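Protein chains: 2
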Amino acid sequence: MINQIGKEAKFASYQLAQCPTTTKNKVLAVIADLLEKHSATILTANEKDIQAAKEQGLNEAILDRLLLTPERLLSIANDVRKVISLTDPVGQIIDGATLENALKLQRHRVPLGVIGVIYEARPNVTIDIATLCLKTGNAAILRGGKETIHTNLATITIIQQALEQVGLPKTAIQFIDNPDRKYINELLKLDKYVDMIIPRGGAALHKLCREHSTIPVITGGIGVCHIFVDESADFDKVYPIILNAKTQRPSTCNTLETLLVHTKIAKTFLPKLSQIMADNQVILHADTEAFKILETGVANVFPVEDQELRQEWLSKDLNIVIVDSLELAVEHIREYGSGHSEAILTRDLTNAEKFVNLVDAAAVYVNASTRFTDGGQFGLGAEVAVSTQKLHARGPMGLEALTTYKWIGYGDDLIRQ
Amino acid sequence: MINQIGKEAKFASYQLAQCPTTTKNKVLAVIADLLEKHSATILTANEKDIQAAKEQGLNEAILDRLLLTPERLLSIANDVRKVISLTDPVGQIIDGATLENALKLQRHRVPLGVIGVIYEARPNVTIDIATLCLKTGNAAILRGGKETIHTNLATITIIQQALEQVGLPKTAIQFIDNPDRKYINELLKLDKYVDMIIPRGGAALHKLCREHSTIPVITGGIGVCHIFVDESADFDKVYPIILNAKTQRPSTCNTLETLLVHTKIAKTFLPKLSQIMADNQVILHADTEAFKILETGVANVFPVEDQELRQEWLSKDLNIVIVDSLELAVEHIREYGSGHSEAILTRDLTNAEKFVNLVDAAAVYVNASTRFTDGGQFGLGAEVAVSTQKLHARGPMGLEALTTYKWIGYGDDLIRQ
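In the order they appear, the protein sequences are chains F and C.
Throughout the first sequence, residue numbering follows my numbering, covering 5 to 421 in sequence.
Throughout the second sequence, residue numbering follows my numbering, covering 5 to 421 in sequence.
Don't read these hints as lab results, they were simulated from the structure.
Just so you know, these numbers come straight off a predicted model, no measurement behind them.
Backbone N, C-alpha and C define an ideal beta-carbon position, used for all residues, glycine too.
Do not take every clue at face value.
Claimed, not checked - Here are the computed distance ranges between Cβ atoms for each label pair: (1) D417/F - E299/C: 24 to 34 angstroms; (2) R314/F - Q315/C: 44 to 54 angstroms; (3) E339/C - D417/F: 56 to 66 angstroms; (4) E104/C - S255/F: 17 to 27 angstroms; (5) S43/F - T267/C: 28 to 38 angstroms; (6) K241/C - Q110/F: 17 to 27 angstroms; (7) P183/C - E299/F: 51 to 61 angstroms; (8) F15/C - T292/F: 21 to 31 angstroms; (9) N82/F - Q252/C: 55 to 65 angstroms.
Said to hold, decoys possible - Footprint (simulated), chain C over chain F, 3 or more residues, beta carbon under 8 angstroms: (10) 27-38; (11) 60-74; (12) 188-201; (13) 271-284; (14) 318-326; (15) 350-364; (16) 369-382.
Based on the sequences and whatever the hints tell you, model everything.
In structure tokens, the structure reads:
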């Protein structure tokens with residue numbers, strides 16, 4: 005079954021690669037319109053998912069994440085319309101020259117081909133990723149979480165209807181609807197047809213893909229992010245940044261998980277911080293030294309465990325670790341960080357530059373919140389995923405990350421000497 | 005053992021990443037000088053490898069490939085000196101802007117970190133790859149073929165001596181000297197420390213890496229390359245290109261393996277081609293229709309088997325297949341090609357553009373030999389590998405392919421709204 009899906013996706017990808025931007029934009033416009041036109045059908049399908057989730061006893065936070073409302077659906081349709089307005093990277097000539105050997109060589113940006121996307125339960129991802137793939141002339145094979153299966157099937161129907169309406173093969177976007185997990189493993193081995201795998205989900209899904217895929221995988225999305233407050237920091241300017249990084253949206257991957265504080269300022273800095281955090285319902289997990297300072301404070305403070313320093317809280321919990329130097333802050337980040345987003349808060353130019361150079365992460369900030377690591381914030385117009393690996397794309401991935409290039413050489417009956 | 009090697013390589017990579025270009029160039033200069041100074045030691049080590057190869061009964065072609073001569077060694081040293089003169093990509097600012105949200109964002113080019121390279125028996129690869137890694141500030145873990153083990157150990161000694169002489173850790177370039185293949189598997193799972201795996205060898209090695217690595221792998225180097233001669237081709241201009249693509253260096257991956265000929269010209273085109281090929285000791289493997297035309301000719305002609313169309317000959321053998329149209333030529337290439345290098349020989353502009361657009365390969369040529377797909381020919385200054393996958397780098401990989409980027413954001417105490 006999967007082999008047939010792959011074969012058809014590859015075949016459709018050849019057609020998509022030749023599509024002019026206007027045709028691709030037309031598909032997107034039709035998808036947006038159909039989402040509005042068939043909103044009742046989609047919302048009914050989503051109700052089934054919500055009902056099933058309630059029967060399974062899933063908690064309110066998850067139910068809210070699964071839920072589509074008329075407003076949310078309209079916002080998804082409008083996001084599709086936004087993608088129409090983005091520049092199509094396909095067909096760009098990246099560079100070119102007539103070489104010493106007389107070859108006229110150019111690099112042209114082209115679609116990747118077929119993209120496999122495995123994602124967990126969110127009702128918008130199907131439309132979101134299909135839209136970005138179509139805009140860049142790629143076919144896609146999607147595998148969404150079973151919690152939103154009815155919503156996914158309803159939106160896939162709309163995508164395929166739009167494709168046919170514009171005269172493109174509906175196999176350009178296919179969905180694996182069988183919940184059996186063995187199909188994930190089969191998809192991961194489909195290197196004959198699939199050019200890239202994007203997992204969108206938790207650490208376990210990324211690990212599964214890295215270990216089993218014979219296709220290049222973009223791993224990322226896991227953010228164990230740090231802020232280091234050095235001894236020169238201006239306290240009043242620092243507190244709002246920490247609060248923003250921790251509490252603006254705690255469930256995101258660019259949220260602060262561990263605050264590193266220079267030992268010289270710990271005693272004066274931490275009490276007011278704990279007060280602010282307590283006022284904002286943040287629970288602190290402190291290392292031994294920080295715990296000594298904080299235990300007399302007002303906040304909910306617990307001793308931190310080593311394992312807690314290696315994970316994403318995804319909640320209003322914050323680790324506090326005291327370090328003796330910038331170098332030790334960097335060492336801590338190397339040991340515990342996930343290479344996502346790291347920041348230094350400082351007034352010292354040398355420290356700022358040292359931190360930026362020594363820390364190896366997708367995004368490194370000076371006097372800014374880690375929350376900026378995001379395709380929208382970075383001005384990329386769209387976000388395919390956030391990569392924490394170093395090949396192909398690092399950090400927020402825009403449309404360009406769904407393309408590759410082709411070297412095209414023109415000769416006047418040219419042979420190699 | 006491998007874990008310790010990985011840990012030390014990662015540690016060394018942090019130091020290399022901070023190295024100014026002058027220091028990195030100094031290491032390379034010392035390597036080149038030591039290669040000349042200790043040429044006797046290296047040549048003696050190489051003699052041991054040659055002796056062992058002879059005892060194993062390896063053939064002359066392989067013996068020649070393993071052999072170092074004083075001239076070849078000098079040429080390796082001079083190649084190192086050429087890398088000194090190349091521009092260091094590390095530290096380049098790729099782009100930057102002050103964004104709407106007031107974040108001053110830049111993308112800086114940085115080393116990948118630790119690169120694992122697994123290669124088969126050639127006496128120059130150790131120096132070659134170590135040099136390119138050091139120039140780009142990367143640490144490397146090398147695993148060379150056992151046929152050149154003595155040569156490899158002699159050259160590794162020199163590299164590590166040069167590193168220490170310049171004050172860099174010798175663990176920056178490490179070599180796995182144990183011939184047990186289990187260490188390859190262990191290296192492929194070392195994702196905690198290694199950022200990229202480059203296999204340099206045959207199809208089996210690439211498959212092994214793709215299937216077992218949990219680290220991103222650059223696959224490539226396998227070239228089942230085609231030339232399509234369309235009905236408008238000017239025969240006299242075409243023959244020299246085919247001869248060049250097939251015979252200039254038959255053992256390379258950019259060598260022509262299958263010639264696709266438009267059916268309209270087959271009868272007039274093939275007889276003289278077979279004559280030219282016979283004059284140059286090329287054996288033809290023809291499909292049924294071509295065989296009918298050629299069996300009365302002068303060349304050594306055999307019927308081609310399907311399997312022969314899927315492989316690299318690496319010798320003076322050439323498949324001939326007759327196709328009814330450009331579209332069918334493209335279909336053949338999609339089915340049998342390895343995405344390396346493909347060419348059309350034509351006088352027709354529409355056909356040229358159609359071929360270039362429809363063929364999905366790292367390099368596509370119009371009226372030029374496939375032999376141009378090469379880092380040196382493409383003006384990249386060096387060639388790390390030739391990628392036939394689409395992520396990160398496609399086609400010949402220069403120094404830039406050994407780097408990634410880091411997003412650096414400067415804020416004036418900036419929070420996300």
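* Against the structure, test the hints numbered earlier, and report the numbers of the ones violated in rising order. => Violated hints (numbers, rising): 3, 5, 10, 11, 13 and 14; every other hint is consistent with the structure.
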